[in-house]
Amino acid sequence: MEKRVTFSSWTIGILFAVPQLLLIFTFFYWPAGQAVYWSLTLQQPWGGGNIWVGLDNFRSILANADYWNSITASLVFAGISTGLAMFVALVLAALTDRQLAGSRLYRVVLIWPYGIAAPALAMAFRFVLAPEAGFMAVINQVWPGFWDPGLDGADAMASIIIAFSWKYVGYNFIFFLAAFQAIPRSLIEAAAMDGSGVMRRFWDIQFPLITPTIFFLLVINITESFQDSFGIVDIMTSGGPANATNLMVYKIYSDGFKGLDYSGAAAQSIILMLLIVVLTIFQFRFIERRVHYR
Amino acid sequence: MASIAIRGVKKNYAKTQVVHGVDLDFASGEFVVILGPSGCGKSTLLRMIAGLEEISDGTIAIDGMVVNKLEPRERGCAMVFQNYALYPHMSVAQNIGYSLKVSGVPTAERNQRIQAVARTLGLEQLLDRKPMALSGGQRQRVAMGRAMIREPKVFLFDEPLSNLDAKLRVQMRSEIRKLHRRLNATSVFVTHDQVEAMTLADRLVVMNGGRVEQVGTPGEIYTRPASRFVATFVGAPAMNILEGTVELDGLSLLGGSRRLAMARAGLPVGTKVAMGIRPEAVRLVAPGTAGALDATVDLVEELGAGRVIYVDLDGAPFSVMTSEAVHPEPGSTVGLKIFPDDMHFFSSETGTRLDVFKASVPEPAL
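Chains as they are written, first to last, in this note's numbering: chain A, 29 to 322; chain B, 3 to 368.
Calculated directly from the structure, the hints in this document are not laboratory data.
Model, not experiment: these values are computed from the prediction.
Don't take each hint at face value.
Label pairs and their in silico Cβ distance ranges [to be verified]:
hint, chain 1, residue 1, chain 2, residue 2, range
1, B, Gln96, A, Ser266, 39 to 45 Å
2, B, Arg9, A, Arg213, 25 to 31 Å
3, A, Arg228, B, Gly308, 53 to 59 Å
4, B, Asp357, A, Arg228, 29 to 35 Å
5, B, Glu76, A, Ala45, 58 to 64 Å
6, A, Phe310, B, Arg179, 44 to 50 Å
7, A, Ala270, B, Arg131, 37 to 43 Å
8, B, Gln127, A, Ile144, 42 to 48 Å
Beta carbons: idealized from backbone N, C-alpha and C, even for Gly.
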């Protein structure tokens, strides 16, 4: 029997919910509503009222090749970094699950990167991946000019992908390991008795049974790769070189606070929000079908 | 069909040893039941035969070939797990056919064999269902089917019936027995349920504390338990044990407060023994009868066909099973008649059977 606390009077329930509702309203619905309003107006850079311009902001953004470049960069970043972070975490978790001694230590060690603020880890990776002094300098010594995120857009993109993935590998690892450990050992043993080898067991038994976790992490990773990438981009590349890493979330900041185009930035954030909503709906509609919930 | 030879097998986990040198031989086609309380190492032994646990010391050979270093799949064993271990994301047909799929049997042949197994187990209507949508008994059948389809040399059962309700358990028990008669594969069945063990076994292995206490047919185990542990573990209600000392013309029990006269003395006078008597071997007589022990009735359990009478013998618990039409009231006094031929003697120190009394008597044909 499920035990549930029920309140005879509904007002008590409402009172319990009020703090959370206030927080959500203050920090989500209100600013989001403001952004929608601003995106439909033209704000004065130094204050002093605004003019209603309808969808002009959206039209001018979508007509701008720079913005489409930013969308492409964001999608590339989201796709590769999500794939990399999830794949590495999956492999690590699968290996840890097989050899359980010390798994508690791995859990602690691997969650730390997630706790590090994005700018701090970006700073670290900026040094690690510096072409003139870091680890990559050794490779540049052998192949001069092989690596230079300051000049080569692809190198810069690779840098921020590596930094972002490093942070999310730990987060994903925790969930994957928990999912693997939730699979009853006897299922693996039964598959072993059925003649299935390690790899075969992974694909036939373990992988299908952790699909709910994979799906959850996919949604979270894609969403976060659009939003949590700001600090990394700002510290490591500032959107450069030549806008190669000017992701949508960074462009909102630079256009809004450096270019003082508040209305354009508000419109961009509305587009970003819609893009994430559409991607999430897409994932629930088309990928969730392949998930085996137990 | 295959014989299994277990030689000096031990199992250690880090610092604790759970199996202390087991030697057993299972003949080809035999149905062997390993019986013991939880934690006695019976499941560990089974898993070592299956290849799911490493063998710390000793060897296990299947059909004369030592399998210590072989992977589970190379040993030709199939196993039915306690919680069935069905793959939750696969249909019944996929569950049963998984081993064939892994070994690359063509789809047409695979489906044919799945159908054949499903027919045997009465699962034809359920082949497209997921395990979630099955009852306990049906899941059990699927687990059996998954083991059967490979036509293994050896069947291993790890307490497969313990998750079923009482009625289904009896039914599955006879089904397993029938199945074994048909397939005639060597079967090793682990259980802590003595009724299951007695009814299924060709031969019974009783284990305790990581050691084999006794090996024999169910009849032998019941009539001639090799140790005090086996005597009290097999049989329900458990065999009564009374501590006593052998005297010249009888037995002094319970520190001398009771005495049983006995003509045939065989053990050295003064030997400390634990005398065992099965509840069903005790006769109820009128209190005060010569040569009987008087006791106070504590509790009567009605079983329908008979009843179990729990009595107090100077503080020692004692039970009597009778099918006679006697209904003693709790608190009343009854006489207990115990015949020397029904007594079992175990060493007070080691618990092993002392058989001096019956040394001259020919072994009963079993």
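We went through each hint and held it up to the structure:
no.: 1; hint: B/Gln96 / A/Ser266: 39 to 45 Å; in the structure: 54 Å, violated
no.: 2; hint: B/Arg9 / A/Arg213: 25 to 31 Å; in the structure: 28 Å, holds
no.: 3; hint: A/Arg228 / B/Gly308: 53 to 59 Å; in the structure: 56 Å, holds
no.: 4; hint: B/Asp357 / A/Arg228: 29 to 35 Å; in the structure: 55 Å, violated
no.: 5; hint: B/Glu76 / A/Ala45: 58 to 64 Å; in the structure: 60 Å, holds
no.: 6; hint: A/Phe310 / B/Arg179: 44 to 50 Å; in the structure: 56 Å, violated
no.: 7; hint: A/Ala270 / B/Arg131: 37 to 43 Å; in the structure: 59 Å, violated
no.: 8; hint: B/Gln127 / A/Ile144: 42 to 48 Å; in the structure: 57 Å, violated
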